[in-house]
Amino acid sequence: MDQITSILILALPLCMFLLLGIFGNKMSHKMAGILGTLGMGVTLILAYSTAFTYFFSGNELFVDAAGNRLQHLVFDQTWLAFTQHLVIKLGFLLDPISAMMLVVITTISFMVHLYSLGYMHGETGFQRYYAFLSLFSFSMLGLVVATNIFQMYIFWELVGASSYLLIGFYYTKPSAVSASKKAFIVTRFADLGFLIGILILSFYTETFDFMTMTNAPENVLASTGGAVFMGGSVLTWALVLIFMGGMGKSAMMPLHIWLPDAMEGPTPVSALIHAATMVVAGVFLVARMFPVYLMEVTALEIVTVVGALTALYAAIVACTQVDIKRVLAFSTISQIAFMMVALGVARPDIHEGVGYMASMFHLFTHAMFKALLFLGAGALIHAVHSNDYTAMGGLRKYMPVTHITFLIGCLAIAGIWPFAGFFSKDEILVAAFENNALWGVWMTAVAGLTSFYMFRLYYRIFWWNEPDYEHHGHVPHDAPWTMTLPLIILAAVSVVAGFIPFGELVTWSREAYEIHINWTVAGTSIAVAVAAIALATVMYRKENELPDKLASRFKGLWTAAHHRFYFDELYMFITHKIIFNLISRPIAWFDRHIIDGTMDMFATVTNKVSYAIRGLQSGNVQTYVWVYLLGTLLIAAVAVICLV
Amino acid sequence: MESVGSIILYFVIAVAIVVFSVLTVTTRKILRSATYLLFTLFATAALYFSLDYEFLGAVQIAVYAGGIVVLFVFSILLTSKPGDKSEKLASKKRVLGLFAALAMLVVSGYALVSRCCMFAGKPAMEALTMHKVGETLMGTGEGEYLLPFEAISVLLLACIIGGVVVARKR
Amino acid sequence: MDITLMYYLIPSLIMFCCGVYGFITRKNMIAILISLELMLNAVDINFVVFNRFLFPGQLEGMFFTLFAIAIAAAETALAIAIIINIFRVAKNIDVRDLTKMKF
Chain S
8 MDQITSILIL
18 ALPLCMFLLL
28 GIFGNKMSHK
38 MAGILGTLGM
48 GVTLILAYST
58 AFTYFFSGNE
68 LFVDAAGNRL
78 QHLVFDQTWL
88 AFTQHLVIKL
98 GFLLDPISAM
108 MLVVITTISF
118 MVHLYSLGYM
128 HGETGFQRYY
138 AFLSLFSFSM
148 LGLVVATNIF
158 QMYIFWELVG
168 ASSYLLIGFY
178 YTKPSAVSAS
188 KKAFIVTRFA
198 DLGFLIGILI
208 LSFYTETFDF
218 MTMTNAPENV
228 LASTGGAVFM
238 GGSVLTWALV
248 LIFMGGMGKS
258 AMMPLHIWLP
268 DAMEGPTPVS
278 ALIHAATMVV
288 AGVFLVARMF
298 PVYLMEVTAL
308 EIVTVVGALT
318 ALYAAIVACT
328 QVDIKRVLAF
338 STISQIAFMM
348 VALGVARPDI
358 HEGVGYMASM
368 FHLFTHAMFK
378 ALLFLGAGAL
388 IHAVHSNDYT
398 AMGGLRKYMP
408 VTHITFLIGC
418 LAIAGIWPFA
428 GFFSKDEILV
438 AAFENNALWG
448 VWMTAVAGLT
458 SFYMFRLYYR
468 IFWWNEPDYE
478 HHGHVPHDAP
488 WTMTLPLIIL
498 AAVSVVAGFI
508 PFGELVTWSR
518 EAYEIHINWT
528 VAGTSIAVAV
538 AAIALATVMY
548 RKENELPDKL
558 ASRFKGLWTA
568 AHHRFYFDEL
578 YMFITHKIIF
588 NLISRPIAWF
598 DRHIIDGTMD
608 MFATVTNKVS
618 YAIRGLQSGN
628 VQTYVWVYLL
638 GTLLIAAVAV
648 ICLV
Chain X
308 MESVGSIILY
318 FVIAVAIVVF
328 SVLTVTTRKI
338 LRSATYLLFT
348 LFATAALYFS
358 LDYEFLGAVQ
368 IAVYAGGIVV
378 LFVFSILLTS
388 KPGDKSEKLA
398 SKKRVLGLFA
408 ALAMLVVSGY
418 ALVSRCCMFA
428 GKPAMEALTM
438 HKVGETLMGT
448 GEGEYLLPFE
458 AISVLLLACI
468 IGGVVVARKR
Chain D
3 MDITLMYYLI
13 PSLIMFCCGV
23 YGFITRKNMI
33 AILISLELML
43 NAVDINFVVF
53 NRFLFPGQLE
63 GMFFTLFAIA
73 IAAAETALAI
83 AIIINIFRVA
93 KNIDVRDLTK
103 MKF
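Protein chains in written order, with my numbering: chain S, 8 to 651; chain X, 308 to 477; chain D, 3 to 105.
Any given hint might turn out to be false.
Claimed, not checked - 30 Å max Cα-Cα, derived DSSO-like pairs, lysine-lysine:
1. S:584 x S:180
2. X:476 x D:102
3. S:549 x S:562
4. D:102 x X:439
5. X:429 x D:29
6. X:429 x D:104
7. X:399 x D:29
8. D:102 x X:388
9. S:33 x S:180
10. S:615 x D:104
11. X:336 x D:102
12. X:476 x D:104
13. D:93 x X:439
14. D:29 x X:336
15. X:400 x D:29
16. X:429 x D:102
17. S:562 x S:404
18. S:615 x D:102
19. D:29 x D:104
20. X:439 x D:29
21. X:400 x X:336
22. D:93 x X:429
23. D:104 x X:439
24. X:399 x X:388
25. S:188 x S:615
26. X:399 x D:102
Since the hints were made in silico from the structure, they are not lab data.
Just so it is clear, the structure is predicted and the values come from calculations on it, not from any experiment.
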């Protein structure tokens, strides 16, 4: 693993961004698209070779004699040296999770690049779209290979910015503009916590380096010297604040409100950023800092609780949404919450920290099948020109490829053997049960809900009854090969990814760990999933009255879930009614009337006085000279008298 | 102790300067005013000669007396009509002018007189040769003036062009 | 008796005051210009005299005067060009009539 390759992995997408961003308008659409895709393809090859070398070459740089994997600094360049301790470095850290993330990001990104050739065909701003995709890939790659928390923060903000740009891609649509603003403001609010957490942590540890912190977390704990703030140790506060940044990015409750709206962006962007890569940055952050989190179990318990609540909440809401992208968005929130829970329940003394491995495993498989589902949804939207499943139904006959791949995605997310989701979700449930039976039961229930809403979606799209497509002027059909090829590849990966011996590759201690499936847990979860699927089949396979009956029976619950439990309204209430009225308005009034008023007064007085005395300007040169001379003489007289 | 001759010379020059200056601004005919200015400038040139700055005195005569006054005379002839020989001074203006001039005189005069004991007689100075003036004017070292000289030449050029542009007929 | 610096500064001061008086009282612009020349000349004398009496080995004051004369010549030429132009437009050069340049 040489430096050139690692630099190229980051530099290629950046160069593509600059090239397409600056010269994009001079190129044809096709040229820009192919250029961007080729650039990403080369990055994909480089990243794969890097990951392969890291995991399988057996080089002593990457693995020690006992078979434990090592963290390897490819390079770590000092960028800004403010003081002895406040040194900001930029580098490339290679370890199991960053190598895994390289694979995930480049795979999904390449698929999306390829897919977008078809999906975005003929859109205005096509070159801009590819430029932003490249910018995002660059930022995300920089984030996962960050050697220190500050570099991570920089790229963290960069992915936020590129996400903002891509959500607001259709910037002429007011809903897209407000969605992008919402995403930006909410994540920025969360990042404020992240930054404060970074500052607290680095204030005590006097370092930003991940390796320094994670290899000797006892020192981090010791460096705080047992300082306590408002009933919690300083380290807990720092870690919770850092987790707050992760909550914003990963859409954990209550900072999840931006993600459903982010679906205003083009669907491939939702697949890349808001399903597979950027939103798992929060999980990645906690995983990166995991040894430090282990020092403060309170922080991990907070992670667990937040994750579990979010998982249940998002799963319930997903059962009632009509917009298929919204369903997938809530499903994403729920699945990321699964990963958070897995990290939260992981303890080194329980199955050698299986939760950590499970979380990363689920991150990997989820990225694949969720990208698949989103790209499938994109194909559907492309075909029927609507986001709502009410405009779909019976599509299995018209779009066979999309149908099969979407079904595979649904089976994978439902956790049916042998699809990828089964293996990773099983490990998460095992970890949850080992930690606390409550979490185990809770997460199993959420897994059941997951199967239910996914198959509800599946049946509503591909079965149910068929609307009159002829009437709308055209019959839906499968998308062109640039769009179906990524679907097929991702579907294939979703089928086989579960058999990757993940425990040998990624564990929290970087020691190899053999996965053994706990058939009690797995059997239960499969049984629950199958039951949920059966229920969905009964309710949604053919058009019937049952769903409406159930909805009116549990009217309160259904309406609340349909309105996402009024979170947006709550935020609106807090911001508009409380913050705007009680804080912003008085401040604005103060600014407008007191501060501006003072300045205006100066201006008005100057103006008035000028008008009053302008008669003194007679236009007569001799008067000017006379006044000037007398003034000079006055000063001179004072000087003469004082200096005698 | 100066020689009697130089004292007499000084007084002649000083009286000439004072008298002609006053006449320059009090005479009511503009052409006379220019003539008295000429005499004042001559007296100034004489002052320079008496202070051993022959070159400066020569420049004063050549440029001021020879150039500028001639310019004045020409412009007076160009701008005055045959009839208006004199101009009456408004008394208010006169008072104002007198007040300003006397105030100036009092303040500066007081400053001078109160420090009169600080001044010594004229020190000896080695003769200022033309050679030295030329070297100082054309040198580039410290206390030498090639760059200002060039700047002045550019200024004069600009001034010629400016004069032509401003005064030409449209 | 010694002729000290004072003896030269007094006539120069009187000359300057005459210039001030003339500048403020005269109406003809050329007369004003002449008063201006008087003031300039007074300043020139001061430079030379200070140079001669206080720093007899140096030439700074003298050269300052030299350049001041050159600039005075340039300024006069330009001013007269402007006055002639004004005369051509306004048919007289009374400074009291030229009060348009104000608010």
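Structure-based check of each hint:
Distance hint between residue 584 (chain S) and residue 180 (chain S) is fulfilled; the C-alpha atoms sit about 26 Å from each other, no more than 30 Å. Between residue 476 (chain X) and residue 102 (chain D), the direct Cα distance comes to roughly 22 Å. Compliance with the 30 Å bound is thereby established for this hinted pair. Restraint check: the Cα-Cα separation between residue 549 (chain S) and residue 562 (chain S) comes to about 22 Å, which is no more than 30 Å; the hinted pair holds. For the suggested pair residue 102 (chain D) and residue 439 (chain X), the alpha carbons sit about 51 Å apart, so the restraint of at most 30 Å is broken.
Between residue 429 (chain X) and residue 29 (chain D), the direct Cα distance comes to roughly 41 Å. Violation of the 30 Å bound is thereby established for this hinted pair. Distance hint between residue 429 (chain X) and residue 104 (chain D) is unfulfilled; the C-alpha atoms sit about 50 Å from each other, more than 30 Å. With a C-alpha separation of about 13 Å, the suggested pair residue 399 (chain X) and residue 29 (chain D) falls inside the 30 Å cut-off, and the hint holds. Using a Cα cut-off of 30 Å, the hinted pair residue 102 (chain D) and residue 388 (chain X) holds, with the two alpha carbons roughly 24 Å apart.
A C-alpha spacing of about 25 Å is found between residue 33 (chain S) and residue 180 (chain S), which places the hinted pair at or below 30 Å, so the restraint holds. For the hint linking residue 615 (chain S) to residue 104 (chain D), the alpha-carbon distance of about 17 Å falls within 30 Å, and the restraint holds. Simply put, residue 336 (chain X) and residue 102 (chain D) have alpha-carbon atoms about 27 Å apart, close enough for the 30 Å limit, and the pair holds. Between residue 476 (chain X) and residue 104 (chain D) the alpha-carbon distance is near 27 Å, which keeps this suggested pair within the 30 Å criterion.
Note on residue 93 (chain D) and residue 439 (chain X): the hinted pairing is violated, with a Cα-Cα distance of about 50 Å set against a maximum of 30 Å. Restraint check for residue 29 (chain D) and residue 336 (chain X): the C-alpha separation of about 12 Å stays at or below 30 Å, so the hint holds. Simply put, residue 400 (chain X) and residue 29 (chain D) have alpha-carbon atoms about 10 Å apart, close enough for the 30 Å limit, and the pair holds. Our distance criterion of 30 Å between C-alpha atoms is broken by residue 429 (chain X) and residue 102 (chain D), whose separation comes to about 51 Å.
Our distance criterion of 30 Å between C-alpha atoms is broken by residue 562 (chain S) and residue 404 (chain S), whose separation comes to about 34 Å. Using a Cα cut-off of 30 Å, the hinted pair residue 615 (chain S) and residue 102 (chain D) holds, with the two alpha carbons roughly 23 Å apart. Among the hinted pairs, residue 29 (chain D) with residue 104 (chain D) is consistent with the structure: their alpha-carbon atoms are about 19 Å apart, no more than 30 Å. Of the pairs offered as hints, the one joining residue 439 (chain X) and residue 29 (chain D) is violated, with about 45 Å between alpha carbons and a cut-off of 30 Å exceeded.
Between residue 400 (chain X) and residue 336 (chain X), the direct Cα distance comes to roughly 18 Å. Compliance with the 30 Å bound is thereby established for this hinted pair. With a C-alpha separation of about 52 Å, the suggested pair residue 93 (chain D) and residue 429 (chain X) falls outside the 30 Å cut-off, and the hint is violated. Using a Cα cut-off of 30 Å, the hinted pair residue 104 (chain D) and residue 439 (chain X) is violated, with the two alpha carbons roughly 50 Å apart. At roughly 26 Å between alpha-carbon atoms, residue 399 (chain X) and residue 388 (chain X) fall within 30 Å of each other, so this suggested pair holds.
For the hint pairing residue 188 (chain S) with residue 615 (chain S), the CA-to-CA distance comes to about 44 Å; that exceeds 30 Å, so the pair is violated. Restraint check for residue 399 (chain X) and residue 102 (chain D): the C-alpha separation of about 22 Å stays at or below 30 Å, so the hint holds.
In the structure shown, a violation is registered for the earlier hints numbered 4, 5, 6, 13, 16, 17, 20, 22, 23, 25, in ascending order.
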